[in-house]
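Chains as they are written, first to last, in the working numbering: chain U, 1 to 490; chain F, 1001 to 1202.
These are computed hints drawn from the structure, not numbers from a lab. Please read all numbers here as calculations on a predicted model, not as lab measurements. Just so it is clear, CB atoms sit at the ideal spot from N, CA and C, and this is done for glycine as well. One or more hints might be untrue.
Claimed, not checked - Calculated from the model, a selection of chain U residues having no Cβ within reach of chain F, i.e. all distances over 10 angstroms:
1) PRO274
2) SER373
3) GLY395
4) GLU427
Stated by the list, open to error - Examples of chain F residues toward chain U, derived with CB under 8 angstroms:
5) ARG1017
6) CYS1073
7) ALA1121
8) GLY1166
9) ASP1169
10) SER1194
What the hints assert, rightly or not - Which bits of chain F does chain U cover? Going by a derived footprint, with three or more residues having C-beta under 8 angstroms, they are:
11) 1152-1158
12) 1178-1185
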Amino acid sequence: MTDSTSGGRLFDKVWQRHLVASPDGEPPLLYIDLHLVHEVTSPQAFEGLDLAGRTVRRPDLTVATMDHDVPTLNPLGPITDPLAAEQMARLSKNCETHGITLYPLGSAEQGVVHVIGPQLGLTQPGMTVVCGDSHTSTHGAFGALAFGIGTTEVEHVLATQTLRQSKPQAMAVTVDGELPAGVTAKDLVLGIIAEIGTGGGTGSVIEYRGEAVRGLDMEGRMTVCNMSIEAGARAGMIAPDEVTFAFLEGRPHSPQGAAWERALDDWRSLVTDPGAAFDREVRIDAASLRPVVTWGTNPAQSVSIDGVVPDPASFGTPAQQQAAQRALEYMGLAPGTAVRDIAIDTVFIGSCTNGRLADLRAAAGVLKGRKVSPGVRAIVVPGSARVKADAEAEGLDDVFRAAGFEWRSAGCSMCLGMNGDILAPRERSASTSNRNFEGRQGPGGRTHLVSPAMAAATAVTGRFAVPGDLERPRGGSPDARARANTEGGR
Amino acid sequence: MRAVQLVRGRAVVIDRRDIDTDQIIPAAWLKRVERTGFGAGLFEAWRADPGFALNQPGAAGAKVLIGGANFGCGSSREHAVWALQDFGFEAVVAPSFADIFRGNSIGAGLVTAEADEEGVAGLIAAVAADPDAEVVVDVAGRTVSAAGFSTPFAIGDYARWRLLEGLDDIGVTLRHGDAIAAFERTRPSWLPVSGTSAHARF
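Hey, can you work out the whole structure from these sequences and the hints?
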């Protein structure tokens, strides 16, 4: 165990530099460098602030956008949902009243809050970032300390630019070795969650370490940190390195000139020192990881694409057996079914987990020259208006459309189904989002979490598939594949 | 926030682990801009099952919810806490709570009583034997008891103090206004500020 005075860990370094006060008998007061705000978890906070006659302490450290319930079809038309329209109107009014920068629907910078922060360069190493959304952990990919908060805390940050936080424990998840071919950042984080469990990170900040993590690009690192909350962690962090700095250089809010050099000097110190101990350490061998699909109703319930739906009796405790049984009943799956035999109705590519340009490129790379299986509904929802514009500049929209995907506008969309983009009861999805909870994508809907590449391959076959499956006859052995190739050449 | 010293009332048991906030209050309800009126949406999907605990006659008027480990996982939506309170719950007892849910609960005045697995099982047995048993959650004494059974629960000192005093957290923090202002003078100058980005396109 490490006592609270030990420095040397990335988390401690960032924590320490934001301590405003540590009063006796109260949790420490932490300064917040960036407060991201959206339409759904903020109206009650602004109302509380106004009723108490308080003001926003640092509107210049507060940035708002609209994402959770925005329409992704015809976003510039009239908002047909009056409740969503009211929330967006409230956010506009609150931002105007309090002088907060807002990227509203229609703005070139509108998008999922965790996509636009990094994209604008607002998220930087060593910062504290909060938002009334649990996937704020995404920003930890830059070596920031970033966590989701509730509406009462949103009000607290608006009023004071600080947050009261008991100091979490520091946990290390080290992934040794290189990821096998075809294993993505999404598979990596689902593998981690399966290993430590839905509550395995509770009370902790996880630092992701090791060769496999260092080998990820920033988009992949964001995917990993994004899902820290699905293991119960307060936050996830990855130490910044040259990959981080290359991503940040030249972004609209990144430091420039001499300030960039000063920042770089500082950011390079944001690493866990050799020999520093963690409160808990988990090691995972990257070679053991496979492309995975969730089969149940929490993100820890996943299985390899090569596997079968597990038998509830195979779980260790009666509580786990009962949970698995219930999950299978909800999901309409029988134990022993091969994952590749499960047919899906809908494919959703998007969300703060996998809605960035790299994710869309990965999916489009699989779809080029191919068609969505007849009867499958397939939609792409870019994570931000800028992701959408950048993808269009590369022609990705043409690839998706030609394959039979709908090309939508930015928002959270079917990840949580607030805006009308939902599954029908018993409809089954392959989704690049983050939660497969009961009803998450619509009452009665059945969600399977996958990577963008697997979502694309699955759209083509109509059943769970990895891109490699599209290259050969289904179920074919390498020998059969070789024969098929030879025959094809005659 | 109203002070909470003691919660007394009937209990409802939902003996499942990983009860996520999407179950407690589905996303469709999050479009409301008030803090009230969420009770009708509490566990909306599960309430479609007539056998579900909240559909039993004794559930109306119950003050204590007993749940499984990792209660309140998932989305940070504080609406989950408001929904529980709007239905009438004043305390939740579980073997463990998700961090954000616990913070939201304390902020809104809902008691989160973390008892060990054995203690929760004992309570569930006591309530099963007598569904009308009065369950008492004693915040000051950190115990929860029912029908002669009693178990201690864990709650942080500060959280307990806030519940007992009904404190306005912002008011407490604003006492440190000078420290906040002093801290702000030390922040590195390169840190980003909204609305002043280097590119003209904003």
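A quick look at each hint next to the structure:
The claim that U/PRO274 is not at the interface with chain F holds, since no C-beta of that chain comes within 10 angstroms of its own (minimum 26 angstroms). Here U/SER373 stays apart from chain F, with its beta-carbon at least about 28 angstroms from theirs, past the 10 angstroms limit. With a least CB separation of 23 angstroms from chain F, U/GLY395 remains clear of the 10 angstroms interface cut-off, as annotated. Listed as outside the interface, U/GLU427 is consistent with that label: its C-beta sits roughly 15 angstroms from the nearest C-beta of chain F, beyond the 10 angstroms cut-off.
Hint status for F/ARG1017: holds, given a least beta-carbon distance of 6 angstroms to chain U, under 8 angstroms. Residue-level restraint check for F/CYS1073 holds (minimum Cβ-Cβ distance to chain U is 6 angstroms; threshold 8 angstroms). With its C-beta approaching chain U no nearer than about 11 angstroms, F/ALA1121 sits outside the 8 angstroms limit, and its interface hint is violated. With its C-beta approaching chain U no nearer than about 14 angstroms, F/GLY1166 sits outside the 8 angstroms limit, and its interface hint is violated.
At about 6 angstroms, the closest approach between the beta carbon of F/ASP1169 and any beta carbon in chain U falls short of 8 angstroms, and the interface hint on this residue holds. Against a cut-off of 8 angstroms between C-beta atoms, the interface hint on F/SER1194 holds, since the closest Cβ of chain U lies about 4 angstroms away. Counting residues of the segment 1152-1158 of chain F whose beta carbon lies closer than 8 angstroms to any beta carbon of chain U gives 3, which meets the minimum of three for the stated coverage. Under the rule that three or more residues need a Cβ within less than 8 angstroms of chain U, the assignment of the segment 1178-1185 of chain F holds, with 4 such residues.
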